[in-house]
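A.B. asks: Sequence:
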Amino acid sequence: MIVQQRQQVEARLKELEHAIEEVEKLEGKGEIYRSIGSLLIKVENKDKLLEELKEDKETYELRKS
Numbered sequence: 201m202i203v204q205q206r207q208q209v210e211a212r213l214k215e216l217e218h219a220i221e222e223v224e225k226l227e228g229k230g231e232i233y234r235s236i237g238s239l240l241i242k243v244e245n246k247d248k249l250l251e252e253l254k255e256d257k258e259t260y261e262l263r264k265s
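Counting from 1 along the sequence shown, just add 200 to a position and that's the residue number in my numbering.
These are computed hints drawn from the structure, not numbers from a lab.
Since this is a predicted model, take the numbers as computed values, not measurements.
Check each hint, because a few of them may be wrong.
[What the hints assert, rightly or not] Cross-link-like lysine-lysine pairs, in silico, DSSO-like; alpha carbons within 27 Å at most:
no.: 1; residue 1: Lys225; residue 2: Lys246
no.: 2; residue 1: Lys225; residue 2: Lys254
no.: 3; residue 1: Lys254; residue 2: Lys242
[Unchecked claim] Derived CB-CB ranges, DEER-like:
no.: 4; residue 1: Gln204; residue 2: Gly228; range: 35 to 45 Å
no.: 5; residue 1: Glu261; residue 2: Gln204; range: 40 to 50 Å
no.: 6; residue 1: Ile236; residue 2: Gln208; range: 17 to 27 Å
no.: 7; residue 1: Val203; residue 2: Thr259; range: 19 to 29 Å
no.: 8; residue 1: Met201; residue 2: Ile241; range: 31 to 41 Å
no.: 9; residue 1: Ile202; residue 2: Lys225; range: 29 to 39 Å
no.: 10; residue 1: Glu244; residue 2: Gln207; range: 33 to 43 Å
no.: 11; residue 1: Arg212; residue 2: Leu240; range: 17 to 27 Å
no.: 12; residue 1: Glu215; residue 2: Lys246; range: 13 to 23 Å
no.: 13; residue 1: Leu226; residue 2: Glu258; range: 16 to 26 Å
no.: 14; residue 1: Ile220; residue 2: Leu240; range: 34 to 44 Å
For every residue, glycine included, the Cβ atom is placed at its ideal position computed from N, Cα and C.
Go ahead and model the full structure; you've got the sequences and the hints to work with.
C.D. replies: Put into structure tokens, the structure is as follows:
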């Protein structure tokens with residue numbers, strides 16, 4: 201049970217790291233959409249999204265340790 205939870209946390213961390221990298225690469229007028237439930241919502245503020253992703257990453261890193 202604990203092993204499975206750890207694997208889920210590690211998988212989520214990898215997803216967040218990849219998302220952060222891709223958002224940081226995005227320049228100009230590239231559009232970003234965020235999945236909320238079964239909806240895709242357009243993100244208006246890239247910097248705010250990056251901040252939220254980094255906070256989520258920190259949270260999952262704490263859970264992992």
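A.B. asks: Output the numbers, in ascending order, of every earlier hint that fails for this structure.
C.D. replies: Result: hints 5, 14 break, sorted rising.
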